[in-house]
Amino acid sequence: MGFSAIADIDSHYAARRIFEVGEAIASGRKVRKSMEIDTLQFRQDVLAWRDEILIAAAAQINRAAIESREHFETLLPFASFKDALWDPDAFATLYIDPQMLERTEMSLKRILVDSAQKLSSLNPELDGFANAMIEATEQIAFPECKSVDEQGANLRQSDIEDSRSSSERAEGLSAKLGHLGRTIGKRIARTSENVGVLVRDRAGVHARLRQAAAQRIDHAWMGEGKAPRSVLSQVALMVDEVASHARLVS
34 MGFSAIADID SHYAARRIFE VGEAIASGRK VRKSMEIDTL QFRQDVLAWR DEILIAAAAQ
94 INRAAIESRE HFETLLPFAS FKDALWDPDA FATLYIDPQM LERTEMSLKR ILVDSAQKLS
154 SLNPELDGFA NAMIEATEQI AFPECKSVDE QGANLRQSDI EDSRSSSERA EGLSAKLGHL
214 GRTIGKRIAR TSENVGVLVR DRAGVHARLR QAAAQRIDHA WMGEGKAPRS VLSQVALMVD
274 EVASHARLVS
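Everything in the sequence shown is counted per this note's numbering, starting at 34 for the first residue and increasing by one.
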């Protein structure tokens, strides 16, 4: 075999090797590109999962708010001038929170547990996050509700404690009246702008209580204000944290 023949063999071999290397590089690029696409799709799926939960949770709490306010409306004819003037927030809290709790606690937990299971279906490596989310669901701090019966019992107990002997009442009467006068004076000063409206118009009583109910729902159940966090704010924080960590798994 001559030198030229050997050279031809070497050139063919080199060309084939170059082709094979080129194919390998191209294949590697395709694999990397495919992996990048898969990673991007996975992260988009996690974000879609997060948004789906937040929308479902917000919708559930919003439905509960509408129904709770409708129930609250039926109580307004029984509200007193004192309820609206002295402490509308207490009246709203007493009747709004139990209605909201009844309509949200179990349904929200069910939404979150179902969503945790969906997270596992995106990637088996997310099982740990899903289990942690289910555990965290039980730690959501719902407002503590005091029933109307408990409120009445507290008032009755207060009446009993204040039912002292005539001599004891007489002994502290002067001091109590002085304190009561100062307290009432402060309250009247704070609410003087509203007194005229409330006295003249029963609708003013209802409007004041409706406003208190709306504020209670916003602060305790749906808002993004200061601590303590609302129920929806707690859910959003938990879901955001899970999604942030889950997106890094690929």
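These are calculated hints, taken from the structure and not from any lab test. Keep in mind that the hints are not guaranteed to be accurate.
Lysine to any residue pairs mimicking SDA-like chemistry, simulated, CA-CA at most 20 Å apart [as the list claims (entries may be wrong)]:
1. Lys179 / Leu127
2. Lys142 / Pro131
3. Lys179 / Thr72
Next on the checklist: Hints numbered earlier in the text: which of these fail when held up against the supplied structure?
Outcome noted: 3
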